[in-house]
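Trainee: As a plain string of letters, each chain reads:
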Amino acid sequence: MDILPQLIMNGLIAGSVYALMAAGFSLMYGLQRFMNVAHGATYLVGAFAAYACARLAGMPLALSFAIAVLVATGLGVAINQLVYVPLQRQKEKDRALLLASFGVFLLVEAIILMVFGADVKSFGLPVRKGMDVLGAVVTPVQLVIILAAPLVFLGLWLFLYRTRTGTALRAAADNEAIARTMGVNVRAMTTLTTALGSALAGVAGILVALEQNLEHSMGLPAVLKGLTAAIIGGIGNVPAAILGGYLLGLAENLGIWYLPSGYKDAIAFVILILFLLVRPQGFFGTRRREEAGG
Amino acid sequence: MIEQYLLHLFIIACVYAILAMSLNLAVGFTGLLNLGHVAFYAIGAYTSALLAVGLGVPFWGGMLAGGCMAALFGYLLSFPTVRLKGDYLVLGTLGFTIIVEAVLKNWASLTRGPLGIAGIPKPRLLGLSLSPLPAYALLALAAALLTYWLLSLVVASPFGRTLKAIRDDEVAAGALGKDTFRAKAKALALSAFLAGVAGALYAHYITFIDPSSFSITETILIFSMVLVGGTASLLGSVAGAALLVLLPEPLRFLPIPSDIVGGMRQAIYALLLVLVILKRPQGLLGEDTLRDAWARARRRRKGA
Amino acid sequence: MSALLDVRGLHKGFGGVKAVAGCSFCVRERSITALIGPNGAGKTTVFNLITGLIPVERGEIAFGGQQLHALRSHEIFDLGIARTFQMLRIFPKLTALENLMIAQRGRAEGIFDALLRPSLVREEERARRERAHECLRMVGLEEKAHAKAGGLSYGQQKLLDIARCVASGARLILLDEPVAGVNPTVRERIKALLRSLRERGTTILVIEHDMGFVMDLCDEIVVLDHGEEIASGPPERVRNDRRVIAAYLGE
Numbered sequence: 001m002d003i004l005p006q007l008i009m010n011g012l013i014a015g016s017v018y019a020l021m022a023a024g025f026s027l028m029y030g031l032q033r034f035m036n037v038a039h040g041a042t043y044l045v046g047a048f049a050a051y052a053c054a055r056l057a058g059m060p061l062a063l064s065f066a067i068a069v070l071v072a073t074g075l076g077v078a079i080n081q082l083v084y085v086p087l088q089r090q091k092e093k094d095r096a097l098l099l100a101s102f103g104v105f106l107l108v109e110a111i112i113l114m115v116f117g118a119d120v121k122s123f124g125l126p127v128r129k130g131m132d133v134l135g136a137v138v139t140p141v142q143l144v145i146i147l148a149a150p151l152v153f154l155g156l157w158l159f160l161y162r163t164r165t166g167t168a169l170r171a172a173a174d175n176e177a178i179a180r181t182m183g184v185n186v187r188a189m190t191t192l193t194t195a196l197g198s199a200l201a202g203v204a205g206i207l208v209a210l211e212q213n214l215e216h217s218m219g220l221p222a223v224l225k226g227l228t229a230a231i232i233g234g235i236g237n238v239p240a241a242i243l244g245g246y247l248l249g250l251a252e253n254l255g256i257w258y259l260p261s262g263y264k265d266a267i268a269f270v271i272l273i274l275f276l277l278v279r280p281q282g283f284f285g286t287r288r289r290e291e292a293g294g
Numbered sequence: 001m002i003e004q005y006l007l008h009l010f011i012i013a014c015v016y017a018i019l020a021m022s023l024n025l026a027v028g029f030t031g032l033l034n035l036g037h038v039a040f041y042a043i044g045a046y047t048s049a050l051l052a053v054g055l056g057v058p059f060w061g062g063m064l065a066g067g068c069m070a071a072l073f074g075y076l077l078s079f080p081t082v083r084l085k086g087d088y089l090v091l092g093t094l095g096f097t098i099i100v101e102a103v104l105k106n107w108a109s110l111t112r113g114p115l116g117i118a119g120i121p122k123p124r125l126l127g128l129s130l131s132p133l134p135a136y137a138l139l140a141l142a143a144a145l146l147t148y149w150l151l152s153l154v155v156a157s158p159f160g161r162t163l164k165a166i167r168d169d170e171v172a173a174g175a176l177g178k179d180t181f182r183a184k185a186k187a188l189a190l191s192a193f194l195a196g197v198a199g200a201l202y203a204h205y206i207t208f209i210d211p212s213s214f215s216i217t218e219t220i221l222i223f224s225m226v227l228v229g230g231t232a233s234l235l236g237s238v239a240g241a242a243l244l245v246l247l248p249e250p251l252r253f254l255p256i257p258s259d260i261v262g263g264m265r266q267a268i269y270a271l272l273l274v275l276v277i278l279k280r281p282q283g284l285l286g287e288d289t290l291r292d293a294w295a296r297a298r299r300r301r302k303g304a
Numbered sequence: 001m002s003a004l005l006d007v008r009g010l011h012k013g014f015g016g017v018k019a020v021a022g023c024s025f026c027v028r029e030r031s032i033t034a035l036i037g038p039n040g041a042g043k044t045t046v047f048n049l050i051t052g053l054i055p056v057e058r059g060e061i062a063f064g065g066q067q068l069h070a071l072r073s074h075e076i077f078d079l080g081i082a083r084t085f086q087m088l089r090i091f092p093k094l095t096a097l098e099n100l101m102i103a104q105r106g107r108a109e110g111i112f113d114a115l116l117r118p119s120l121v122r123e124e125e126r127a128r129r130e131r132a133h134e135c136l137r138m139v140g141l142e143e144k145a146h147a148k149a150g151g152l153s154y155g156q157q158k159l160l161d162i163a164r165c166v167a168s169g170a171r172l173i174l175l176d177e178p179v180a181g182v183n184p185t186v187r188e189r190i191k192a193l194l195r196s197l198r199e200r201g202t203t204i205l206v207i208e209h210d211m212g213f214v215m216d217l218c219d220e221i222v223v224l225d226h227g228e229e230i231a232s233g234p235p236e237r238v239r240n241d242r243r244v245i246a247a248y249l250g251e
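Here the protein sequences come in this chain order: A, B and C. With our numbering applied, the first sequence corresponds to residues 1 to 294, in that order. With our numbering applied, the second sequence corresponds to residues 1 to 304, in that order. With our numbering applied, the third sequence corresponds to residues 1 to 251, in that order.
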């Protein structure tokens, strides 16, 4: 069997999750303007909430997923209201926001560790035989992952580009001050993007939970790769961030063709550092003008 | 028994004090949000441990080599990162930590991977072993004091003033003749050197190291010490290190499983970090707090 | 008298916008020259190009015969050009005195010099401190020497910013709107200060919208519009230039 189609398929599976994380992150960055590391906390909570509902409480899968997304969304909004909104008033708010989001992330991770313990958990879906798709072996769950992500993105696109609220949201992200004078409630928009972004992270968490083992430590790599994907694509640009997610997934999985698989996580950051060096505005981004004027 | 335990805490606190003070040089005085500090710590520890175990290099040589190796990496890391601002710098340095961690875990022929390096010898000085705890505690104290002395000299010098100017306004510092990239690279290299020394000090004390001692959580722990103590305050970093080393210690005596203890430690650090940022952003002993109090006291004395 | 600064055919665009388009002018040694023009004429961009803050796209800038092309801003400072910024860029957490000390270069500014050459550092610091006090006296901020710069009033910060250029000992000082938003007393003080600097041999290039200030103080005026110089010469000639009047009235 040729290994290339399999590596590409694996890349798409990983890329789906990164793209979901990156899209949520990018959406929030548009209004929050800082790297919200606590995005990894909502992802983690989404995964563990789905696990708790379906496996520990024995609820049906669909209900478990709905609850998990709601919990992730609620957590994201709560963090925004309790931590980020008060911090907006601080003098050095950029640094404060970033570090506070790190603190919140570690706090949530610690709570997950205390509640669920350090042992590895599994969703334990019945193992089905893989199917042959375009020369690669794909399990039904993996197929769900590959197909679910584009559906979510389609929904997101329809919302952002086909509704009034979506337009207001994009306007606020584009130029806060002007949007405000046009009657857009920027604060409400910030809450809304936080909710949306957190929901996306929750979905990403659930998809990962279906296929892989759950560990309390899985949040940080996920958020860092989501951030990396968003930077590779072009920060603050949702479609570019999604593409960045798929690119990163492919790069990682093709990269371990050459490198020992233990280096898989490091590949993403080598790419990141290269991008920061050569093209900090990302593949599709334009450089922001720093200081112009008459 | 109790003295042994207290001396152990003292040594660990000294190691973290060095780490926190050196990180503060980058974060508090230069304004570089470096989340890669633990990688320098790891590089110092591994360099010194490998030299000692593999080649029989004595502690002093290993410590120096560990510091220099870390400084070299600090200098190299500065190339992609000193041009970056805020968020990007954070992500770049964080990425560096993850790469170093991956190398430590995977380059097994050099680092012995997840198995770690055991049997790191304790140092000797003038033919005397420094393995008894009181002797090692003196060594750690001396290292912490030297770090404090060196860094307070540097931050009070014209070079230190340049760093503070870069922190406050990099464009203006450049327009006033400061080569900002070079100054930042030098600050990062010195900060890394001291972290490397702390790594050697730790490795030869514990005598066993593995990649798990140098995780990202550790980076945040050191960062919390700096923030809790107060940025741009060396004494604050020492206080922050002592506080955060001691704070979770009572957990050790509670009858709870180790998973939970680990979680609770992390929760304490994280909660403290968030609360300090929210309620007291300048930290417990921030530069402003200390200097203003000193100035007020002097004015009062003069006025009287 | 010869030209200290010689700008030839300068170009700079931001995306699709031409901020500076073929701008050329000279600044004579020991003169006060004004760079004026409507908003968006490219004045600050010219300053940023001269001081190496942004790269030159096309054209030449010569300072005392030396090309400034491809030099970084700290190297340009070392050649003897200091500047202020439209949006004040003082160091708020440093004291007024430290703000002026930082503008003075020395031989012992390295990371370990305080350790290796303590006497040289002490000596240079003493000289810097004296010079800083002298410059603070010059702008009337002597009693604020040990106050945090961020705590000074706006007018005092403007004075501090100019004093910082003076302390640097630069041959050419670029001032971006030095009297914008300051009260008449400070305005007169700045005017007197710039005159006395000219007496001592410093060359000054100033961007300013306050025409009374410009006409009263400057030896030469360069008028920019749409990134191009449309007139230059002594105040009385520029005042009556038809293109200048048209540019200002928005023809």
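Worth double-checking, as some hints may not be accurate.
[To be verified] Under the rule of at most 25 Å between Cα atoms (straight-line distance), these lysine-lysine pairs were calculated in the DSS-like manner:
id: 1; chain 1: A; residue 1: Lys91; chain 2: C; residue 2: Lys144
id: 2; chain 1: A; residue 1: Lys91; chain 2: C; residue 2: Lys93
id: 3; chain 1: A; residue 1: Lys93; chain 2: B; residue 2: Lys279
id: 4; chain 1: C; residue 1: Lys93; chain 2: C; residue 2: Lys148
[As the list claims (entries may be wrong)] Label pairs and their computed distance ranges (CB to CB):
id: 5; chain 1: A; residue 1: Ala188; chain 2: B; residue 2: Lys279; range: 18 to 28 Å
id: 6; chain 1: B; residue 1: Ala142; chain 2: A; residue 2: Leu4; range: 50 to 60 Å
id: 7; chain 1: C; residue 1: Ala127; chain 2: B; residue 2: Ala142; range: 31 to 41 Å
id: 8; chain 1: A; residue 1: Arg279; chain 2: C; residue 2: Ala147; range: 41 to 51 Å
id: 9; chain 1: A; residue 1: Glu176; chain 2: C; residue 2: Met215; range: 46 to 56 Å
[As the list claims (entries may be wrong)] Just so you have them, the derived chain C footprint on chain B, three or more residues with Cβ under 8 Å:
id: 10; stretch: 143–156
id: 11; stretch: 182–195
Quick caveat, the hints were computed from the structure, so don't treat them as lab data. Glycine residues also receive a C-beta, built at the ideal position from the N, C-alpha and C atoms.
Trainee: Hint by hint, note whether the structure agrees.
Mentor: For each hint, the structure was consulted:
A distance of roughly 24 Å separates the Cα atoms of Lys91 of chain A and Lys144 of chain C; the hinted pair therefore holds under the 25 Å criterion. Distance hint between Lys91 of chain A and Lys93 of chain C is fulfilled; the C-alpha atoms sit about 13 Å from each other, no more than 25 Å. Restraint check: the Cα-Cα separation between Lys93 of chain A and Lys279 of chain B comes to about 13 Å, which is no more than 25 Å; the hinted pair holds. Between Lys93 of chain C and Lys148 of chain C, the direct Cα distance comes to roughly 6 Å. Compliance with the 25 Å bound is thereby established for this hinted pair.
For Ala188 of chain A and Lys279 of chain B, the hinted distance range of 18 to 28 Å is satisfied, since their beta carbons lie about 27 Å from each other. Between Ala142 of chain B and Leu4 of chain A the beta carbon distance is about 59 Å. The supplied range of 50 to 60 Å therefore holds. Between Ala127 of chain C and Ala142 of chain B the C-beta distance comes to about 36 Å, which sits within the given range of 31 to 41 Å. The hinted range of 41 to 51 Å is satisfied by Arg279 of chain A and Ala147 of chain C, whose Cβ atoms lie roughly 44 Å apart.
Taken as a hint, the range 46 to 56 Å is violated for the pair Glu176 of chain A and Met215 of chain C, whose Cβ atoms sit roughly 41 Å apart. With 4 residues having a Cβ less than 8 Å from any Cβ of chain C, the stretch 143–156 of chain B passes the three-residue criterion, so the hint holds. Residues of the stretch 182–195 of chain B with a Cβ under 8 Å from some Cβ of chain C number 3, which satisfies the need for three, so the listed coverage holds.
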